[in-house]
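Student: Keeping their order, the protein sequence lines are chains L and E. Heads up, the first sequence is in our numbering, so the first residue is 1 and it goes up one at a time. Heads up, the second sequence is in our numbering, so the first residue is 1 and it goes up one at a time.
These aren't lab readings, by the way, just hints derived from the structure by calculation. The beta carbon of each residue, even a glycine, is placed where N, CA and C say it ideally should be. Keep in mind that the hints are not guaranteed to be accurate.
[As the list claims (entries may be wrong)] Here are the computed lysine-lysine pairs in the DSS-like style, where the Cα-Cα straight-line distance is at most 25 Å:
(1) L:Lys22 to E:Lys414
(2) L:Lys115 to L:Lys46
(3) E:Lys83 to E:Lys14
(4) E:Lys335 to L:Lys5
(5) L:Lys46 to L:Lys5
(6) E:Lys121 to E:Lys83
(7) L:Lys5 to E:Lys48
(8) E:Lys100 to E:Lys110
(9) L:Lys46 to L:Lys80
(10) L:Lys78 to L:Lys46
(11) E:Lys335 to L:Lys6
(12) L:Lys78 to L:Lys6
[To be verified] Calculated Cβ distances over 10 Å to all of chain E for the following chain L residues:
(13) Asp21
(14) Val32
(15) Gly48
(16) Lys59
(17) Ala66
[Said to hold, decoys possible] Far from chain L, some chain E residues (derived; all Cβ distances over 10 Å):
(18) Ala156
(19) Arg253
(20) Ser343
(21) His367
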Amino acid sequence: MAYSKKLLDHYENPRNIGSLDKNDDGVGTGLVGAPACGDVMKLQIKVGEDGIIEDAKFKTFGCGSAIASSSLITEWVKGKSIDDAAEIKNSEIAQHLALPPVKIHCSVLAEDAIKAAVSDYKVKQGAGEKKIKAAE
Amino acid sequence: MGKNTNKGGNGAAKPRWNKNSPLYLDYQATTPTDPRVVEAMAPYWTEKFGNPHSRNHHFGWEAEEAVAKARAQVASLIGANAKEVIFTSGATESNNLALKGVGLFYKEKKNHIITCLTEHKCVLDTCRHLEQDGFEVTYLPVRKNGLIDLRDLQAAFTESTSLVSIMGVNNEIGVIQPLKEIGALCRQRKIFFHTDCAQAIGKIPLDVEDMNIDLMSISGHKTYGPMGIGALYVRRRPRVRLVAMINGGGQERGMRSGTLPSPLCVGLGAACAIAEKEMGAETERLRLLRDRFYEAITRRLTEVYLNGDLEHRIPGNLNFSFAFVEGEGLMMGVKELAVSSGSACTSASLEPSYVLRALGVDVELAHTSLRIGFGRFTSMEDVDFAVERIAGEVERLREMSPLWEMAQEGIDLKSIEWADH
Ligand SMILES: Cc1ncc(COP(=O)(O)O)c(C=O)c1O
Ligand code: FES
Numbered sequence: 001m002a003y004s005k006k007l008l009d010h011y012e013n014p015r016n017i018g019s020l021d022k023n024d025d026g027v028g029t030g031l032v033g034a035p036a037c038g039d040v041m042k043l044q045i046k047v048g049e050d051g052i053i054e055d056a057k058f059k060t061f062g063c064g065s066a067i068a069s070s071s072l073i074t075e076w077v078k079g080k081s082i083d084d085a086a087e088i089k090n091s092e093i094a095q096h097l098a099l100p101p102v103k104i105h106c107s108v109l110a111e112d113a114i115k116a117a118v119s120d121y122k123v124k125q126g127a128g129e130k131k132i133k134a135a136e
Numbered sequence: 001m002g003k004n005t006n007k008g009g010n011g012a013a014k015p016r017w018n019k020n021s022p023l024y025l026d027y028q029a030t031t032p033t034d035p036r037v038v039e040a041m042a043p044y045w046t047e048k049f050g051n052p053h054s055r056n057h058h059f060g061w062e063a064e065e066a067v068a069k070a071r072a073q074v075a076s077l078i079g080a081n082a083k084e085v086i087f088t089s090g091a092t093e094s095n096n097l098a099l100k101g102v103g104l105f106y107k108e109k110k111n112h113i114i115t116c117l118t119e120h121k122c123v124l125d126t127c128r129h130l131e132q133d134g135f136e137v138t139y140l141p142v143r144k145n146g147l148i149d150l151r152d153l154q155a156a157f158t159e160s161t162s163l164v165s166i167m168g169v170n171n172e173i174g175v176i177q178p179l180k181e182i183g184a185l186c187r188q189r190k191i192f193f194h195t196d197c198a199q200a201i202g203k204i205p206l207d208v209e210d211m212n213i214d215l216m217s218i219s220g221h222k223t224y225g226p227m228g229i230g231a232l233y234v235r236r237r238p239r240v241r242l243v244a245m246i247n248g249g250g251q252e253r254g255m256r257s258g259t260l261p262s263p264l265c266v267g268l269g270a271a272c273a274i275a276e277k278e279m280g281a282e283t284e285r286l287r288l289l290r291d292r293f294y295e296a297i298t299r300r301l302t303e304v305y306l307n308g309d310l311e312h313r314i315p316g317n318l319n320f321s322f323a324f325v326e327g328e329g330l331m332m333g334v335k336e337l338a339v340s341s342g343s344a345c346t347s348a349s350l351e352p353s354y355v356l357r358a359l360g361v362d363v364e365l366a367h368t369s370l371r372i373g374f375g376r377f378t379s380m381e382d383v384d385f386a387v388e389r390i391a392g393e394v395e396r397l398r399e400m401s402p403l404w405e406m407a408q409e410g411i412d413l414k415s416i417e418w419a420d421h
């Protein structure tokens, strides 16, 4: 199986590896997959006051396609609003990296991860607002 | 750098590798044909092209003689008589012929077969077919080290057991089953003993008399011979009878019809002759390579687990789980090396290796496994190069692994409720 140049580039020079402080209210964390399935993706976003994603970081346990998919999505979400980021489709990732059919699920994982990170962020904000209200 | 230098590991001339191809460390998948074998085969494609079954002219006689010599070379390696060696297309066919052939011949009186969970797919799949045809099959478990427990074997024997089929050496983890002990138990009970020795031939000493083996499967391409040829040893005294799977002109004592491919037979024979001569020294040489690899990789990395027994193992195989690094991701990183993985991501079924699962290896760890196979053309500098590449890549991928990070933080991964997907 020959992988595309773009995929190999993301695998060999992954962008945005790392972690953000998961206890920071402005950070949303998505942890998807399972070690027993052979793939786990952690994707974190740092969201500004204006709802725009300022930074994104990932760590992935998985095949090369999973690593490349997560690297790519961190690039794509930076500068996007959280709602636009949650709209990213796995098919766009699969197409961009020219994933072979058996690797499509690796891109699904990336889509799930960003959705989970956005929803974690929203939950935190909701909880934060409640805290403020309670304090008032 | 250790990339496919043309200095053969043991001084033997190496096959001519393409300089840009990766370093081959997958000797359990197949082995390169030894240049000496290729040389021995060459005339049988061209000027000595006769049909070995043509009884009435020079070309036939010449080919027949070559096939007879090859048969004797195969027999000699396993302590058999040449008349007991049947040429086949490979170990898959040999295993099919042994299991179905013996099974069907004795079916009226005995319809029970004993085999093991870690056998090669071609044994397991054949057994599944026999089950559909009304046979009873017992699949013995293995212990954590990959070896069967002889007490399990004894407990599985019944009045209707006709055949026991246990492999010599496992293709994924290289462990050596106790053939002599199994053979003795089977002989006591007058049950035939078949062993798939595709990975064992030329790697460990085999003697069908001493080990009480009744049938043995052999493959050419796993032992520096050509692909597309193998053999089945079928004992004559006490006689093992079987139903042929391929009918026709009655070649190979009626057990396997079809014109013998004389160049391939010559190649298998030559491969066996070389193995017989060089096995002792080669085993020692490979053990040094293996030990060096093992020590270097475990010194450099933590959380590395060897799958399968180290002692009862051919020296040409190592199978490690590199915890927290997924096997296929790792293989992609070490693209200068040709290795293989038991990770699900490499398989069409998306299931991790059934062999590792049978040893009781956690699914999580099965996903992180890498099989490294050394052989005749592997040199010490190849080993150093491979250790360096693998260790470097494991370190890089661990820095990228959320599981490694969690483990470093002291989080018990088993305590987390992972979402199914
Ligand atoms: C243990 C074992 N048995 C059987 C086979 C099949 O051999 P062949 O390729 O000669 O059919 C293999 C090779 O994959 C093997 O490793
Ligand atoms: S992570 Fe398993 S196939 Fe991609």
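Student: Hint by hint, note whether the structure agrees.
Tutor: Hints versus structure:
1. L:Lys22 to E:Lys414: Holds: L:Lys22 and E:Lys414 sit about 20 Å apart, inside 25 Å.
2. L:Lys115 to L:Lys46: This hinted pair holds, its Cα atoms lying about 14 Å apart.
3. E:Lys83 to E:Lys14: Since the Cα atoms of E:Lys83 and E:Lys14 sit roughly 33 Å apart, the hinted pair is violated (cutoff 25 Å).
4. E:Lys335 to L:Lys5: Holds, at roughly 14 Å.
5. L:Lys46 to L:Lys5: Since the Cα atoms of L:Lys46 and L:Lys5 sit roughly 29 Å apart, the hinted pair is violated (cutoff 25 Å).
6. E:Lys121 to E:Lys83: violated (29 Å)
7. L:Lys5 to E:Lys48: violated (49 Å)
8. E:Lys100 to E:Lys110: holds (13 Å)
9. L:Lys46 to L:Lys80: holds (11 Å)
10. L:Lys78 to L:Lys46: It holds: about 9 Å lies between the C-alpha atoms, which stays within 25 Å.
11. E:Lys335 to L:Lys6: holds (16 Å)
12. L:Lys78 to L:Lys6: holds (19 Å)
13. Asp21: At roughly 13 Å from the nearest Cβ of chain E, L:Asp21 sits farther out than 10 Å, so the non-interface label holds.
14. Val32: Its Cβ does come within 10 Å of chain E, the nearest being 6 Å, so this is violated.
15. Gly48: It holds; L:Gly48 is separated from chain E by about 25 Å at its closest Cβ, greater than 10 Å.
16. Lys59: violated (4 Å)
17. Ala66: At roughly 7 Å from the nearest Cβ of chain E, L:Ala66 sits no farther out than 10 Å, so the non-interface label is violated.
18. Ala156: holds (31 Å)
19. Arg253: The claim holds: E:Arg253 sits with its nearest Cβ about 44 Å from chain L, beyond 10 Å.
20. Ser343: Non-interface label on E:Ser343 violated, nearest chain L Cβ at 6 Å vs cutoff 10 Å.
21. His367: Label violated. Min Cβ-Cβ 4 Å, cutoff 10 Å.
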